[in-house]
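Trainee: Sequence:
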Amino acid sequence: MAQRVQLTATVSENQLGQRLDQALAEMFPDYSRSRIKEWILDQRVLVNGKVCDKPKEKVLGGEQVAINAEIEEEARFEPQDIPLDIVYEDE
Numbered sequence: 055m056a057q058r059v060q061l062t063a064t065v066s067e068n069q070l071g072q073r074l075d076q077a078l079a080e081m082f083p084d085y086s087r088s089r090i091k092e093w094i095l096d097q098r099v100l101v102n103g104k105v106c107d108k109p110k111e112k113v114l115g116g117e118q119v120a121i122n123a124e125i126e127e128e129a130r131f132e133p134q135d136i137p138l139d140i141v142y143e144d145e
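For the sequence shown, the tail end lands on 145 under the working numbering, and the numbers increase by one without skipping.
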């Protein structure tokens, strides 16, 4: 089951000239830059109400940013108790 992510923020003046994916990674440190880039490419990011699909777009500061995305649940692997044939053992 996917987890819904809805985030909004305003780009600070300190981020003037940064790439959009860089600025968003600073604003939302709980999410990796690669995940944010994926959301941008999937057109899940709005800048001033318009879809932005270019991660390297520069920000000017003061832009309103909204992210509406989903995070797929990762598969969980459970360890199994299996018999092992020991080929060599140190003393």
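It should be emphasised that the hints constitute simulated quantities derived from the structure, not laboratory data. Glycine included, every Cβ here is placed at the ideal spot set by N, Cα and C. It is possible that some hints are incorrect.
Below, a list of computed lysine to any residue pairs in the SDA-like style, where the Cα atoms sit at most 20 Å apart [claimed, not checked]:
#: 1; residue 1: K104; residue 2: N122
#: 2; residue 1: K108; residue 2: R87
#: 3; residue 1: K108; residue 2: S86
#: 4; residue 1: K104; residue 2: T64
#: 5; residue 1: K110; residue 2: A120
#: 6; residue 1: K91; residue 2: P109
#: 7; residue 1: K110; residue 2: R89
#: 8; residue 1: K108; residue 2: E127
#: 9; residue 1: K112; residue 2: A56
#: 10; residue 1: K110; residue 2: L100
#: 11; residue 1: K110; residue 2: E80
#: 12; residue 1: K108; residue 2: L95
#: 13; residue 1: K110; residue 2: R87
#: 14; residue 1: K108; residue 2: A56
#: 15; residue 1: K112; residue 2: R87
#: 16; residue 1: K91; residue 2: I140
#: 17; residue 1: K108; residue 2: E124
#: 18; residue 1: K108; residue 2: A123
#: 19; residue 1: K108; residue 2: A129
#: 20; residue 1: K108; residue 2: R89
#: 21; residue 1: K108; residue 2: Q76
#: 22; residue 1: K110; residue 2: A56
#: 23; residue 1: K91; residue 2: V59
#: 24; residue 1: K108; residue 2: Q69
#: 25; residue 1: K112; residue 2: E132
#: 26; residue 1: K104; residue 2: V119
Beta-carbon label-pair distances, calculated as ranges [what the hints assert, rightly or not]:
#: 27; residue 1: Y142; residue 2: N68; range: 57 to 67 Å
#: 28; residue 1: G116; residue 2: E92; range: 37 to 47 Å
#: 29; residue 1: D96; residue 2: E67; range: 24 to 34 Å
#: 30; residue 1: T62; residue 2: K108; range: 13 to 23 Å
#: 31; residue 1: Q60; residue 2: D107; range: 15 to 25 Å
#: 32; residue 1: V105; residue 2: L70; range: 55 to 65 Å
#: 33; residue 1: E132; residue 2: G71; range: 39 to 49 Å
#: 34; residue 1: Q57; residue 2: I140; range: 39 to 49 Å
#: 35; residue 1: S88; residue 2: K112; range: 18 to 28 Å
#: 36; residue 1: T64; residue 2: E124; range: 50 to 60 Å
#: 37; residue 1: R130; residue 2: R58; range: 12 to 22 Å
#: 38; residue 1: E128; residue 2: R87; range: 46 to 56 Å
Trainee: Regarding the pair K112 and A56, is the alpha-carbon distance no greater than 20 Å?
Mentor: violated (30 Å)
Trainee: So if I understand the rule, the pair passes when the alpha-carbon distance is 20 Å or less; does K110 with A56 pass?
Mentor: violated (27 Å)
Trainee: Are K108 and Q69 close enough, with their CA atoms no more than 20 Å apart?
Mentor: Given that 20 Å is the threshold and the Cα spacing comes to 17 Å, the pair holds.
Trainee: Would you check the hint for K110 and A120, treating anything up to 20 Å between C-alpha atoms as holding?
Mentor: Holds, at about 17 Å.
Trainee: Just to be careful, I want the Cα atoms of K110 and L100 compared with a cutoff of 20 Å; is the pair within it?
Mentor: holds (14 Å)
Trainee: Given the hint that K108 pairs with L95, test it: the Cα-Cα distance must not exceed 20 Å.
Mentor: holds (7 Å)
Trainee: Is K108 close enough to A56, meaning Cα to Cα at most 20 Å?
Mentor: Given that 20 Å is the threshold and the Cα spacing comes to 24 Å, the pair is violated.
Trainee: Confirm or reject the claim that G116 and E92 have a C-beta distance inside 37 to 47 Å.
Mentor: violated (25 Å)
Trainee: Determine whether the Cβ-Cβ distance between Q60 and D107 falls within the hinted range of 15 to 25 Å.
Mentor: The hint (15 to 25 Å, Cβ to Cβ) holds, given that Q60 and D107 are roughly 19 Å apart.
Trainee: Does the structure keep K104 and T64 at a Cα separation of 20 Å or less?
Mentor: holds (14 Å)
Trainee: With a cut-off of 20 Å on the C-alpha distance, tell me whether K108 and S86 pass.
Mentor: The hint holds at about 17 Å.
Trainee: Verify the CB-CB distance for E132 and G71 against the hinted window 39 to 49 Å.
Mentor: Distance hint for E132, G71 holds at roughly 47 Å.
The structure is inconsistent with the numbered hints 8, 9, 14, 16, 19, 22, 25, 28, 32, 36, 38, although it conforms to all the rest.
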